[in-house]
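Number of protein chains: 2
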Amino acid sequence: MAERGDREAFVTLATNDTYALGCLVLGNSLRQRAQTTRKLVVMITPGVTQPMRNQLARVFDMIYDVNLLDSRDAANLQLLGRPDLSVTFTKLHCWRLTMFDKAVFLDADTLVLQNVDELFDREELSAAPDAGWPDCFNSGVFVFRPSEETYDSLLKFAMSQGSFDGGDQGLLNMYFRDWATKDIARHLPFIYNVVSQAFYSYLPAFTQFKDSVKIVHFIGATKPWHHPYNTATKEVTPLPETGHNKDYLQIWWDIFMSFVQPTLDPSLGGLIGELASLSLQTGATFGGSQSHLSEQERKLNWERGQVDYLGADKFENIKEKLDKSMKGPATSSKTYTSNPFSTSIPVSTTSTAKKPVAPKNCCF
Amino acid sequence: MAERGDREAFVTLATNDTYALGCLVLGNSLRQRAQTTRKLVVMITPGVTQPMRNQLARVFDMIYDVNLLDSRDAANLQLLGRPDLSVTFTKLHCWRLTMFDKAVFLDADTLVLQNVDELFDREELSAAPDAGWPDCFNSGVFVFRPSEETYDSLLKFAMSQGSFDGGDQGLLNMYFRDWATKDIARHLPFIYNVVSQAFYSYLPAFTQFKDSVKIVHFIGATKPWHHPYNTATKEVTPLPETGHNKDYLQIWWDIFMSFVQPTLDPSLGGLIGELASLSLQTGATFGGSQSHLSEQERKLNWERGQVDYLGADKFENIKEKLDKSMKGPATSSKTYTSNPFSTSIPVSTTSTAKKPVAPKNCCF
Chain V
2 MAERGDREAF VTLATNDTYA LGCLVLGNSL RQRAQTTRKL VVMITPGVTQ PMRNQLARVF
62 DMIYDVNLLD SRDAANLQLL GRPDLSVTFT KLHCWRLTMF DKAVFLDADT LVLQNVDELF
122 DREELSAAPD AGWPDCFNSG VFVFRPSEET YDSLLKFAMS QGSFDGGDQG LLNMYFRDWA
182 TKDIARHLPF IYNVVSQAFY SYLPAFTQFK DSVKIVHFIG ATKPWHHPYN TATKEVTPLP
242 ETGHNKDYLQ IWWDIFMSFV QPTLDPSLGG LIGELASLSL QTGATFGGSQ SHLSEQERKL
302 NWERGQVDYL GADKFENIKE KLDKSMKGPA TSSKTYTSNP FSTSIPVSTT STAKKPVAPK
362 NCCF
Chain H
2 MAERGDREAF VTLATNDTYA LGCLVLGNSL RQRAQTTRKL VVMITPGVTQ PMRNQLARVF
62 DMIYDVNLLD SRDAANLQLL GRPDLSVTFT KLHCWRLTMF DKAVFLDADT LVLQNVDELF
122 DREELSAAPD AGWPDCFNSG VFVFRPSEET YDSLLKFAMS QGSFDGGDQG LLNMYFRDWA
182 TKDIARHLPF IYNVVSQAFY SYLPAFTQFK DSVKIVHFIG ATKPWHHPYN TATKEVTPLP
242 ETGHNKDYLQ IWWDIFMSFV QPTLDPSLGG LIGELASLSL QTGATFGGSQ SHLSEQERKL
302 NWERGQVDYL GADKFENIKE KLDKSMKGPA TSSKTYTSNP FSTSIPVSTT STAKKPVAPK
362 NCCF
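Heads up: the protein sequence lines correspond to chains V and H, in order. If you read the first sequence in the numbering used here, its first letter stands for residue 2, the second for the next number, and so on. If you read the second sequence in the numbering used here, its first letter stands for residue 2, the second for the next number, and so on.
These are calculated hints, taken from the structure and not from any lab test. Just so you know, not all the hints are guaranteed correct.
A pair holds if it fits inside one copy or across any two, identical chains being indistinguishable in the list.
[Stated by the list, open to error] Calculated pairs, EDC-like style, for lysine to aspartate or glutamate (alpha carbon to alpha carbon, straight line, at most 20 Å):
| # | residue 1 | residue 2 |
| --- | --- | --- |
| 1 | Lys103 | Glu125 |
| 2 | Lys183 | Glu4 |
| 3 | Lys211 | Asp179 |
| 4 | Lys103 | Asp255 |
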């Protein structure tokens, strides 16, 4: 078993320090809570700083640097003309981890509640249905077999076909297109990738099956680290509009405060620094709120198909922005932040403002 | 093929005149739009009036009367002690249609867009995943094999196990519990039961696959017949808070106005009478709104697991009602309509108001 454990790995991805926080909690959930016997790998882009990289090295067996827009091969060269696909393609690098026979990819916003080592008995490509369109699998959790050949094939496919949602989920569902119809064994039970908002979707089912849930996925723009946390009561406060389940948020924060926060460097800036300083204040409250959610993060979510349709990205908000822009210079100086593809653009108070571009996945 | 067509049927259910309207549109969608070669059956309870029954007879090959709370057999007798299950059990009667070898059940709030006769090649129990918890199938559309034995077995099972959501969906998912894991052929593609709100769940997937959609399901408390319709422009107005797709609502109304409305009796009362009078008024607007949604209908939806979590039945509304009631007499005279189990109860302006009961499916 030990030998097999060396040839199998859980793999995640951090594109910046904030998502690296998620990876740290995920890694600890796998090690401390779920007691996995398998290796842990984190892929990182240059957006992750050296101090955070050092943190990741404490938890993960391997840090794998990925940097798409170089010219290591022909496919990457072509990518220079398609920067919109770069985020998508970052995840595909997991197929290059050929030192492993089998691997399970987990998004940085997932959390493992119970041991899931049995996933390595599944074959590529196994994944759980996406709750939004259940004939698609959700690409936040999937079993795969690393292979340079598959990696090349995926890149070529992406270059010729694109992705129907602009993210890895659309691409992988197109590439592994027989997932919905061919083999029930490739359907991971939903308990391996339960959206934290399942409470709202079908409450009785959530109530019935919640004790079986093994992996929870905090989809949407607001992540566990954006929530207010009180160090005196050691309780997180759910933000109701996000729909995240309080129990799951609490588990995330319990792991964070036990294993991650004590080793963070308070001299770091931004969210990380704020979190690192938490224990220094007696009964301090971390005032995490949605204001922490950067436009960059929302763009990333959007590109990953994790669009907050009921929140900031809801149809009305985006339509309002498009409508206002179509009509020319607006009279209001209000800043619209609904369209992740035109970040930080106040809706034009002058005619020189950039014209927003409709997200290519939208059908309106 | 003609012979096979006689031994196979689409089956639906009307528990009152309003749902019978849905059945009439569904039946016409199967006949006129989808050109099915199979028989059409509607099961009705005594809640459907004689004039509506006459309407149904124009479209359906067979009207099958069901009345649960009689004492035709031992199982029904036991039911007298479990009136909460009566709505659930009504649907189960479809298994008694043993004059057919194979059948497809369709809820009255579904609409068939393209021919789906190929469904009869599937085996019992085939159904599409529920978008809320996709390891459950949605019981709005399913392929089954009529059998008295199965009917009896289902009743016994229900009596001993109940239903985790208090409706037929929870019961059928418990009975056919290997659906999620055993045979991919029993997984109908999602296009056979697309929730009309799929737009909000995963827009890119909806955009990608919408031309393939064969059956649409108007889940939630607000149905197509509750929407405003303008007879001059022949257009329906979507109610944005319900999330129903406008194209689907328009198809429903096109079928209704072409095949159903002209034969309705204007002397009938309520919603039906109002709809029947539509063509008599030049350019009249049917001001359907959510006020038409009776508490009885919302209760029915709730019991079928079709809870409008993001609308009237959302957590905050129900919690607000419970909180107010716990605290005793409220100072406001506002009428809360969020809890379908305590219909028409203005939140108490006097201390004699009935105490609302928490829906049994709720875990809060």
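Please sort Lys103 with Asp255 into within, between, both or neither, judging by C-alpha distance up to 20 Å. Neither way: Lys103 and Asp255 sit 30 Å apart in one copy and 53 Å across, limit 20 Å.
Given identical chains, is Lys211 near Asp179, meaning Cα to Cα at most 20 Å, within a copy, between copies, both, or neither? So Lys211 and Asp179 pass the 20 Å test across copies only (18 Å; inside, 29 Å).
Check Lys103 against Glu125 for me: Cα-Cα at most 20 Å, and say if that holds within a copy, between copies, both or neither. within (8 Å within a copy, 36 Å between copies)
Reference check for the pair Lys183 and Glu4, CA-CA at most 20 Å: within, between, both, or neither? Neither. Shortest intra-copy (32 Å) and inter-copy (31 Å) distances fail the 20 Å Cα cut-off.
Hint violations for this structure: numbers 2 and 4, all remaining hints satisfied.
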